[in-house]
Amino acid sequence: MNEMTKIETTLKDWETDQEVRWCPGCGDYAILKAVQRTLPQLGADPSKTVFVSGIGCSSRFPYYVESYGFHTIHGRAPAFATGIKLANPELDVWLVTGDGDGMSIGGNHTMHILRRNLDCQILLFNNEIYGLTKGQYSPTSRQGTNSPSSPLGSVDRPASPCAFALGSGARFVARGFDVSKNLPDVLKAAHAHRGAAFIEIFQNCIVYNKDIFDDFAAAKGVEDQQLWLENGAPMLFAGGTKGIALDVANLALKVVDVVDGDWQSAGVIVHDVTNRAVAYMLVDLRVAPKFREFPMALGVIYDDPKPTFDSDVVAEREKSSAGRVADLGKLLAKGQTWTVEG
Amino acid sequence: MATVSAERATAEAHQGEDSPEAVVVRFAGDSGDGMQLTGGQFTLSTALAGNDLATFPDFPAEIRAPQGTLFGVSAFQINFGASEITTAGDAPDVLVAMNPAALKTNLGALKTGGLIIADTGEFNKRNLEKAKYAANPLEDGSLAKWDVLAFDISALTIESVKPFGLGNKEALRCKNMWTLGLALWMFDRDRQPIIDGINAKFAKKPEIAGANIAALNAGHAYGETAEISGPLHRVHVDPVPAKPGLYRTVTGAEAISLGLVAGAQLAGLKMFFGGYPITPASAILHNLVKVKEFGVTTFQAEDEIAAICAAIGASYAGQLGVTSSSGPGIALKGEAMGLAAMTELPLVIVNSQRGGPSTGLPTKTEQSDLYQAVYGRNGDTPMPVIAARSPSDSFYCAIEACRIAVQFMTPVILLTDGYIANAAEPWKVPDPASFEPFPVSFLEDKNGPDDTLLPYKRDARGVRPWIKPGTKDLMHRIGGIEKAIDTGNLDYSPDTHQAQTDARKGKIDGVAKAIPEQDVSLGTETGKLVLVGWGSTYGPIHQAVRRARKKGYDVSHVHVRHVWPLPSNLGQLLRGYDNVLVPEMNTGQFKTVLRDQFLIDAKPLNKVSGQPFAIAELEEAIAAYFDGVPGNEGGEIPVNDTQLPSPEAENK
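Same order as they appear, the protein sequences are chains A and B. Just so we're aligned: the first sequence equals residues 1 to 342 in the working numbering. Just so we're aligned: the second sequence equals residues 1 to 652 in the working numbering.
Below, simulated BS3-like cross-link-like pairs (lysine-lysine); rule was C-alpha separation at most 25 Å, straight line:
1. B:LYS243 - A:LYS330
2. B:LYS145 - B:LYS125
3. B:LYS104 - B:LYS132
4. A:LYS330 - B:LYS290
5. B:LYS603 - B:LYS528
6. B:LYS169 - B:LYS205
7. B:LYS290 - A:LYS334
8. B:LYS472 - A:LYS6
9. B:LYS428 - A:LYS334
10. B:LYS290 - A:LYS319
11. B:LYS290 - B:LYS428
12. A:LYS334 - B:LYS201
13. A:LYS12 - B:LYS472
14. A:LYS6 - A:LYS306
15. B:LYS270 - A:LYS319
16. B:LYS446 - B:LYS457
17. B:LYS111 - B:LYS132
18. A:LYS242 - A:LYS290
19. A:LYS188 - A:LYS306
20. B:LYS468 - A:LYS6
21. A:LYS319 - B:LYS201
22. B:LYS201 - A:LYS330
23. B:LYS468 - A:LYS12
24. B:LYS104 - B:LYS145
25. B:LYS428 - A:LYS330
26. A:LYS188 - B:LYS472
27. B:LYS446 - A:LYS6
28. B:LYS270 - A:LYS330
29. A:LYS334 - B:LYS243
30. A:LYS12 - A:LYS188
31. A:LYS33 - B:LYS472
32. A:LYS12 - B:LYS446
33. A:LYS334 - B:LYS204
34. B:LYS270 - A:LYS334
35. A:LYS181 - A:LYS6
36. B:LYS204 - A:LYS319
Pair by pair, the computed Cβ-Cβ distance ranges are:
37. A:GLY240 - B:PHE442: 54 to 64 Å
38. A:ARG157 - B:GLN597: 45 to 55 Å
39. A:ARG157 - B:LYS125: 51 to 61 Å
40. A:ALA322 - B:GLY268: 22 to 32 Å
No lab work stands behind these hints, which were simulated from the structure alone. Idealized CB from N, CA, C, for every residue including glycine.
The shape of chain A in the complex, shown without the other chains (with noise of 0.2 Å):
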């Protein structure tokens, strides 16, 4: 996000007079409640801040949060924010899309957001189901997931959000989680970054796909699954019991033990934000069928921020208008002419 004016407010002046309509239990709320805090932090303000979504029930979102906001079409979102923001690069864009939204109607758009940095913040909310529509299965759902639309479990493998948005060129990757404590502290880093950064956050739908990513994303006791990443830090988990090291040989990633802290004899890696390659690793750190092995990789990934695209298309234009007058009447005489004498 660009530099603004800070503004104060508190969780409630981020709250709208609207009935909030998630199921009771969903994860939604969470998120919700974590913007709203998260907010207020940032010094944002309200009337410069817009939120913006496509269709799902994450796609609902603005209707809830008091700033301007545009529900569009089925995955559209991105395209939209990019019109918003270059009307407009004062203002602060977010935009809130989901699995089906972000990454199978609109996958689409989230690459070409992501690789032409668009500065804005992107949540994709990811329950691994259709859950406004009932259940189906979507991109993200892993293989053999029992749906209405696949009763016998489902054929497709899954998309991972986090790898395409690298692969698209995406300069800031992060993950975090509903119930997780440090989802604001994502949020800020996401904030801070200029240009596109993406947040996946793992979103329970307790209906249709409840408890999905209970094995590290549980509000307790899966805490040793997680490896929350700081950047200069090394990449420790299960306490600081157990690290991340690099697997020479075969040029993967590895968990090592580590013996009274000492991470350094373990071998384990400091987290360098910057790091592109270590990034690819990280965001496929867990998959299917190891993925136990490893800890689900969370926090900022990668932060690497390069030229935005709104300021390069305001510096473009700037340059194509430099030294020429916006005369309409010159503008119609131009080419070649001809005057008829009466």
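Following the hints, complete the assembly by docking chain B onto the known chain A.
Just chain B, lined up with the frame of chain A:
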């Protein structure tokens, strides 16, 4: 800039030269032969000579179709003359055929007695086979009903550019300039503007510029020295008496781009243009990237959907959002158009129609997206539709589209087609001060009782306020879900949907009160027959009606610009004629709209060959209403009852 006197040319100055009212010339060659460039340059010199003109570029969909093939032929037709010209003309008087395939595909159109200029250098065995000629038509006598002038243009061109040391292949690229030089001589056109243009274009490659100019001069000299006898003779076409003022040539794509810039300026807005490459709409994007000093932002999106969605996003943020495409791309934009209608945001959608369905005829013209424009969305989604009738009319239609979009907070569709987009015509450059501005005002303060904001509070015309994000304390949410009256909060209750659907329809119906009443383009306000057109059929319909009226037929021409909503007096006007005929380049779409809206017996006249109507086709259709029998033309002369019983006679 050149100066032309309307009175300049006199018959005395051109004794011994023909002076016809209008001449139609068609340049045809391989798609790599530069025929479009030749035609464009000839158009320019014709405009500078003070003739009125209309052009019709006709090129294949392939960028470089295989050489010498029938489907690789690219043609450019120009009709120019001493009277008002509104079409590219029916049958050419002169056909320039650069190879056998060009001759074969264009010969059918040539007037009997017309002139063929052919490059014998390309009429070799290989090219004749590719064009599926068993024998050389230049030699077998099959062209007897035309005048033929055949000489080795290829060799003459190579000879003329020798001093520049080009390779054979590059030298042959100058063939089009040689041909152009000959055409300039034939029609008494000035070479200098073309030479200036070549010098400017190849400023960094002086040897290429020199070679092209040498070829041009050689072609001209060839005509002038006239070492050959035969049909090659000089034709002078008198300039058309034009209104004094500054003129330029303009294509439809240029005029739309300029009109959009003017429209945004008149609204006091910056413009955001979202586009995706598609033939023949891309030219608008190419034009708008060059005028960013007017506050224009262009965005080449990842697809058609993103192009319109980004434009809607920009409109939401307070700019004038514009998107443009052709039929297939417009189909993709349908859902987003519905969102713009639902959220009630201004937007201009330009459709440069081409032959369909599906990919259809990408480079050919058609008017078959009228249903798509008027009806083609899910839900009850009314949307104003405007259709441009000519290249220069596109300018005024684009301004009109911008005006309606911002004044009624609605998406507006502007229909043009491949013919208008590519065709050029002279245009009297308008004075920007002559346009009425329509400045936009954004809501800055809360508009409801007790310090509340009502984003969907409608004014007397049913129009809601435009509220930009970034405005202090006017935070609100909009979206595609049905919304409560005034507040815009989510509300799908039965009464609300009924009321909002009615309100959206009422608003668009009300646009009819904000547009001019329908006039009669040519003829009278009542009569025996009226031809009702829309879009690019204007030229041929106008000429056909003009000619028919000269013969005494009681026929008029009504041309509709506001296709939706229709002008409020149109129904009554059309009921004043005994017969209503609707010529269209589709299977009868506007005819259906007229029948539906006015319960009148509108009859279709349809053509979907990818080519514009010929004047003669329309004249024939008109004559059919009068049986072609003298004394049966209507008007002053009483109807011949024995041939065509009157309704009264029937009722006896």
